[in-house]
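Please take these sequences and the hints and turn them into a complete structure.
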Amino acid sequence: MMDFVHGALATLVLLTLVKSAPIVYAALGGVISERSGIVNIGLEGMMTGGAFAAVVASYATGNAAVGLVAGVAVGALLGFVLGYGATKFKVDQIVAGMGINLIASGGAAYGLVLLFNQPGASPQVHALGRWYWLLILFAFVCAFALHHVLYRTPWGLRVRACGENPRAVTSAGLDPLRFRLYAAVISGALAGLGGAFLSIGEVNIYSEGMTAGRGFIALAAVIFGRWTPWGATGAAVFFGFFEALQFVLQGRVAWLPSEAMQALPYLAALVALCGLVGKVRAPASDGVPY
Amino acid sequence: MNAYRRLFSGPLGAIAIAVALAALAMIVAGVSPIAGFSALFGGALGGTSNIAETLVQTTALLFPALGITLAFRGGLFNIGAEGQLLIGGLAAGAVGAHLHAPTAVAAVVLLGLGAIAGGVWGGLAGWMKAYFNANEIISTLMLNFVAAALASYLVVGPLRSPQATGAETAPLPHSAWLPLIVPDTRLSISILVAVALAFLLRFVLTRTIFGYELRAVGEAPEAARRNGVQMRRMTWLTLALSGAISGLGGATIVTGVMHTFNTELSPGYGFTAIAVALVGDLDPLWVCVAAFGFGILESGGLAMQAVAQVPKDAIHVIEGCIILILAARRYVATRTESAPV
Chain H
5 MMDFVHGALA TLVLLTLVKS APIVYAALGG VISERSGIVN IGLEGMMTGG AFAAVVASYA
65 TGNAAVGLVA GVAVGALLGF VLGYGATKFK VDQIVAGMGI NLIASGGAAY GLVLLFNQPG
125 ASPQVHALGR WYWLLILFAF VCAFALHHVL YRTPWGLRVR ACGENPRAVT SAGLDPLRFR
185 LYAAVISGAL AGLGGAFLSI GEVNIYSEGM TAGRGFIALA AVIFGRWTPW GATGAAVFFG
245 FFEALQFVLQ GRVAWLPSEA MQALPYLAAL VALCGLVGKV RAPASDGVPY
Chain A
9 MNAYRRLFSG PLGAIAIAVA LAALAMIVAG VSPIAGFSAL FGGALGGTSN IAETLVQTTA
69 LLFPALGITL AFRGGLFNIG AEGQLLIGGL AAGAVGAHLH APTAVAAVVL LGLGAIAGGV
129 WGGLAGWMKA YFNANEIIST LMLNFVAAAL ASYLVVGPLR SPQATGAETA PLPHSAWLPL
189 IVPDTRLSIS ILVAVALAFL LRFVLTRTIF GYELRAVGEA PEAARRNGVQ MRRMTWLTLA
249 LSGAISGLGG ATIVTGVMHT FNTELSPGYG FTAIAVALVG DLDPLWVCVA AFGFGILESG
309 GLAMQAVAQV PKDAIHVIEG CIILILAARR YVATRTESAP V
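Residue numbers (this note's numbering), protein chains in the order written: chain H, 5 to 294; chain A, 9 to 349.
Just so you have them, the derived chain A footprint on chain H, three or more residues with Cβ under 8 Å:
1) 89-101
2) 104-110
3) 116-130
4) 221-231
Computed spacing ranges between beta-carbons, pair by pair:
5) 213/H x 168/A: 21 to 27 Å
6) 168/A x 152/H: 47 to 53 Å
7) 69/H x 168/A: 44 to 50 Å
From the structure, some residues in chain A lie toward chain H, with a derived Cβ separation under 7 Å:
8) 85
9) 140
10) 142
11) 146
12) 147
13) 153
14) 282
15) 319
16) 322
17) 328
18) 331
19) 335
What the hints contain is simulated information worked out from the structure, not anything from laboratory work. Glycine included, C-beta positions come from ideal geometry on N, C-alpha and C.
Pasting the structure below:
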């Protein structure tokens with residue numbers, strides 16, 4: 005029994021890190037875009053795009069690093085689509101984000117059939133191997149970096165100002181739309197990295213639906229973490245922990261259905277949204293075109 | 009006249025671009041667009057059974073699209089139609105399995121239950137918005153996943169039928185099935201319910217005080233509030249009604265098509281329905297037309313894949329592009345305005 009407990013605890017800690025990392029990446033992406041004033045419902049799609057692109061590039065070149073770059077690039081591209089639409093055409097960001105999600109999941113499924121001639125999952129490709137531990141570490145480095153950039157640099161101050169009061173940014177002689185566009189691109193790149201981690205980090209294939217709502221969990225983490233990098237990271241790890249717990253407890257604890265743990269991130273976000281765990285305030289101009 | 013101009017500058021423009029994209033997707037897949045489109049439309053509209061299947065898809069999309077239309081017109085972003093569908097279907101499936109009653113009674117009871125369950129699910133988001141100022145976009149989105157987890161738990165556990173091979177509720181007795189319009193197809197009278205509902209919704213929106221207030225809240229919340237519209241009540245009522253319409257749709261899928269409940273109820277109808285509502289320009293009658301168009305895509309996509317070897321998922325890319333293009337026309341005016349007081 006003790007052996008099982010020790011083994012399970014070690015597994016739980018490691019698995020928590022593995023399961024958290026992609027959510028941390030996407031949640032940080034959510035933080036930067038929302039702090040700049042762009043609501044990013046398309047995180048899920050950007051993760052899907054990143055996961056699929058990483059596999060395709062790794063398959064084509066036989067090099068997982070190229071796959072990683074491709075995943076980031078495709079995520080950034082989708083972020084650009086959202087950012088460009090939101091700044092140039094003042095699109096409704098929610099509707100556009102939903103569109104991006106559909107395009108990414110449909111596009112990946114279309115690509116699977118077209119490129120590999122097999123629906124459902126890609127063939128196995130070169131994965132990152134041991135490097136993926138570095139990628140887990142890098143997620144926390146990103147959290148630190150984003151915190152530093154947002155709160156300790158002029159650029160970060162301006163990004164936050166765009167999310168609170170873009171007019172003030174204009175009156176300071178700067179263009180808030182440019183900051184928002186950059187923030188959206190970075191947001192997409194981070195989500196794409198999270199997606200690539202899922203496909204060529206954790207495993208070595210792309211399978212349909214592999215992001216399994218992690219983009220939306222990341223969105224929940226942004227809210228639960230109150231739109232701050234460390235808060236969102238903490239929330240992402242918290243949700244990652246419960247995902248890991250599901251694996252460890254699988255079938256062992258009958259009274260706690262795994263569905264309860266699947267629903268937990270969303271319930272936590274709902275509770276936070278209602279202001280039941282302290283005051284929750286989104287950036288004042290979040291989602292408002294300028 | 010203005011309405012027609014709006015329609016041509018927006019939705020019809022988007023459709024034109026979508027057709028071009030579809031042609032591109034076919035060319036990329038190495039198929040001539042002529043062959044691709046003829047497979048698509050042949051599969052959707054060639055013969056009675058194909059048309060019936062297209063109408064089944066139309067109905068499945070029309071209910072949530074009407075629910076979304078109602079919420080958007082009231083200035084509320086309901087992206088939780090998927091969960092509301094599921095909960096409505098769950099209620100109908102759970103009770104329907106044990107309901108032995110004449111068809112007419114069973115239909116009224118089960119569809120009513122579906123509407124109530126969906127209404128509660130939508131109303132929950134409305135209540136959180138009205139009393140806690142919780143952003144309804146996020147709450148409806150999150151409730152989708154809670155609904156999915158709840159439904160999955162129930163069909164794997166307490167509600168699972170001992171006879172069924174998969175995780176699903178016991179089958180509905182034949183008396184509880186919705187009558188078919190065309191024999192030997194899956195097309196039930198639910199499409200008539202959906203179309204009647206569209207006319208009713210249009211009447212309510214344009215000819216009743218409630219509909220006027222709802223649109224006023226959607227288009228000019230501050231003016232509505234100052235003129236005495238009870239914002240809190242409107243908020244939860246709008247989302248509850250919106251959820252009820254989707255829940256009703258879920259119940260029709262269970263009683264009319266599946267005759268049992270499992271989590272495969274909707275392959276994303278609730279999300280596609282957003283596109284349907286937007287292409288229909290949030291006008292209930294045009295939404296019917298849009299639902300038929302998307303029904304063609306959904307049912308023709310399979311034929312396109314089988315006959316012309318164009319992956320059917322291209323359809324979703326096209327739908328996504330339509331949404332993206334239409335996002336440029338703003339539908340919900342002042343979302344960040346805190347409604348209550």
